[in-house]
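Residues 1 to 461, numbered by our numbering, are exactly what the sequence shown covers, in order.
Think of the hints as simulated: they come from the structure by calculation, not from any bench.
All C-beta atoms, glycine included, are put in the ideal place defined by N, C-alpha and C.
A couple of the hints might just be wrong.
To be verified - FRET-style restraints, in silico, Cβ to Cβ: (1) A41 to P261: 46 to 56 Å; (2) S366 to G433: 22 to 32 Å; (3) G167 to K256: 33 to 43 Å.
Said to hold, decoys possible - In silico DSSO-like cross-links for lysine-lysine, where the CA-CA straight-line distance does not exceed 30 Å: (4) K204 to K194; (5) K205 to K194; (6) K204 to K256; (7) K194 to K256; (8) K353 to K460; (9) K205 to K256.
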Amino acid sequence: MPRNPDRRSAPADPSSGGRPRRRPQRSPRPDRGRRVSDVPAPEVGLEVELEVGPVAHGGHCVARLDGRVVFVRHTLPGERVRARVSEGGPSFWRADAIEVLQASPDRVEPAWPAAGPDGVGGGELSHVALPAQRRWKTDVLVEQLQRLARIDPEWLAREVTVEGAPGDDERRGLHYRTRIDLVADANGHAGMRKHRSHDVVALKKMPLGTAEVAAFAVAEDVFTRIWPRGAQLTLVAPSEGDPVLLVDGEPWRRGKPDTRPNARRSVSELVGGPWGTHRFRVAAGGFWQVHREAPSVLTRAVLEASGATSGELAGATVLDLYSGAGLFTLPLADAVGPEGRVVAVEGDEQAAKDARRNAHAYEQVSLEVGAVDRVLASDTVPTADVVVLDPPRSGAGRAVVDAIADRAPRRIVYVACDPAALARDVGYLAAHGYTLSGVRGFDLFPHTHHVEAVAVLDRKV
Numbered sequence: 001m002p003r004n005p006d007r008r009s010a011p012a013d014p015s016s017g018g019r020p021r022r023r024p025q026r027s028p029r030p031d032r033g034r035r036v037s038d039v040p041a042p043e044v045g046l047e048v049e050l051e052v053g054p055v056a057h058g059g060h061c062v063a064r065l066d067g068r069v070v071f072v073r074h075t076l077p078g079e080r081v082r083a084r085v086s087e088g089g090p091s092f093w094r095a096d097a098i099e100v101l102q103a104s105p106d107r108v109e110p111a112w113p114a115a116g117p118d119g120v121g122g123g124e125l126s127h128v129a130l131p132a133q134r135r136w137k138t139d140v141l142v143e144q145l146q147r148l149a150r151i152d153p154e155w156l157a158r159e160v161t162v163e164g165a166p167g168d169d170e171r172r173g174l175h176y177r178t179r180i181d182l183v184a185d186a187n188g189h190a191g192m193r194k195h196r197s198h199d200v201v202a203l204k205k206m207p208l209g210t211a212e213v214a215a216f217a218v219a220e221d222v223f224t225r226i227w228p229r230g231a232q233l234t235l236v237a238p239s240e241g242d243p244v245l246l247v248d249g250e251p252w253r254r255g256k257p258d259t260r261p262n263a264r265r266s267v268s269e270l271v272g273g274p275w276g277t278h279r280f281r282v283a284a285g286g287f288w289q290v291h292r293e294a295p296s297v298l299t300r301a302v303l304e305a306s307g308a309t310s311g312e313l314a315g316a317t318v319l320d321l322y323s324g325a326g327l328f329t330l331p332l333a334d335a336v337g338p339e340g341r342v343v344a345v346e347g348d349e350q351a352a353k354d355a356r357r358n359a360h361a362y363e364q365v366s367l368e369v370g371a372v373d374r375v376l377a378s379d380t381v382p383t384a385d386v387v388v389l390d391p392p393r394s395g396a397g398r399a400v401v402d403a404i405a406d407r408a409p410r411r412i413v414y415v416a417c418d419p420a421a422l423a424r425d426v427g428y429l430a431a432h433g434y435t436l437s438g439v440r441g442f443d444l445f446p447h448t449h450h451v452e453a454v455a456v457l458d459r460k461v
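Just need the whole structure built from these sequences, with the hints factored in.
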């Protein structure tokens with residue numbers, strides 16, 4: 001498809017544009033943040049009036065004040081707000097809207113007030129109507145692919161949309177997380193960190209968690225109990241079986257460490273669709289898609305994009321990179337059949353252990369354990385007809401892209417959780433003769449700026 005030389009667009013948030021952060025365990029962790037400096041700039045705390053412009057990657061909108069770019073949160077394009085500067089600097093400022101002087105028609109009563117100004121991270125779009133959240137994320141996908149990969153904006157405008165997951169509209173975008181992460185504050189109360197800060201805000205509930213997570217939190221007194229200062233709490237409510245609570249990685253039960261020999265450290269996840277049903281055993285603290293519908297939504301998208309659903313993969317060789325516990329590996333193995341081959345590559349030892357267990361019945365599956373770039377640099381991974389990759393937030397990067405291209409697959413299916421990293425890697429692949437032929441966005445993190453995308457790239461012939 002044509003590439004566009006016009007790179008004019010709204011500036012990207014420098015912290016999440018062309019240099020996205022790496023994502024531990026490959027899942028957005030809204031309770032984690034960082035303080036840029038312990039010494040605030042002199043303009044921090046200054047209150048200013050802003051006319052708000054377009055959205056920017058990272059959950060902000062772009063405004064300008066006397067020629068200076070201001071990335072402002074908790075607002076919408078076209079609004080006029082009073083904002084308080086949270087970070088200063090010579091090239092741009094950050095700010096939080098604290099009063100709306102002229103509201104957008106897409107503004108709604110925040111679905112999660114605790115994630116508002118000076119609140120926790122991880123709910124920065126809860127003041128935006130759900131349809132507008134998806135338009136916001138569509139705009140970000142389009143802008144990043146246009147600016148970083150130089151893809152034709154007219155093609156992007158026609159092809160790129162962000163789809164909601166089943167059940168989200170009925171639940172107002174709430175109650176979707178099967179896993180939540182909390183941290184105990186200085187007083188031992190469970191909460192989450194502020195945006196870009198180590199400071200913890202105590203919570204009484206976490207409305208993005210599923211009903212099962214919420215009930216489990218009540219049963220374990222998660223928000224009322226006093227925990228050790230700084231304790232990291234993980235609540236997991238899998239699709240099959242009872243929930244699990246980990247405190248600093250260890251199972252807890254009824255307010256104390258669960259020292260029973262049979263204390264559960266793993267959970268069972270059931271994923272089904274027209275392609276069949278698979279059961280996965282996953283470490284409770286390991287990576288698994290957090291949205292209750294994400295495993296099936298993404299599996300369907302990957303199978304459709306790879307040609308599995310139309311029978312094109314029968315007898316094929318498929319590389320499944322960053323394969324995790326095998327979410328895509330098992331249905332891809334079914335698609336290639338006993339005459340085909342799936343080579344899964346995973347660098348996390350626990351995930352690889354889970355994947356080996358989950359795929360043990362498939363003779364056509366082989367698993368390579370190690371960093372993807374190093375494994376691909378060896379001679380243990382064959383050429384492939386199709387490559388599927390689901391890299392961390394930092395993306396695949398040039399070394400992995402070059403190694404994929406060296407194997408000359410006819411199609412690449414790229415599952416991305418960061419639009420900037422996706423766009424950068426699409427640009428790298430274009431230099432190897434691959435054309436972006438499709439992009440689907442999925443709103444698997446409502447009320448946050450995060451968006452998942454499945455991109456399809458085909459080799460020019």
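Going back to the hint list, which numbers does this structure go against?
Hint 8 is the one this structure does not satisfy, whereas the remaining hints hold.
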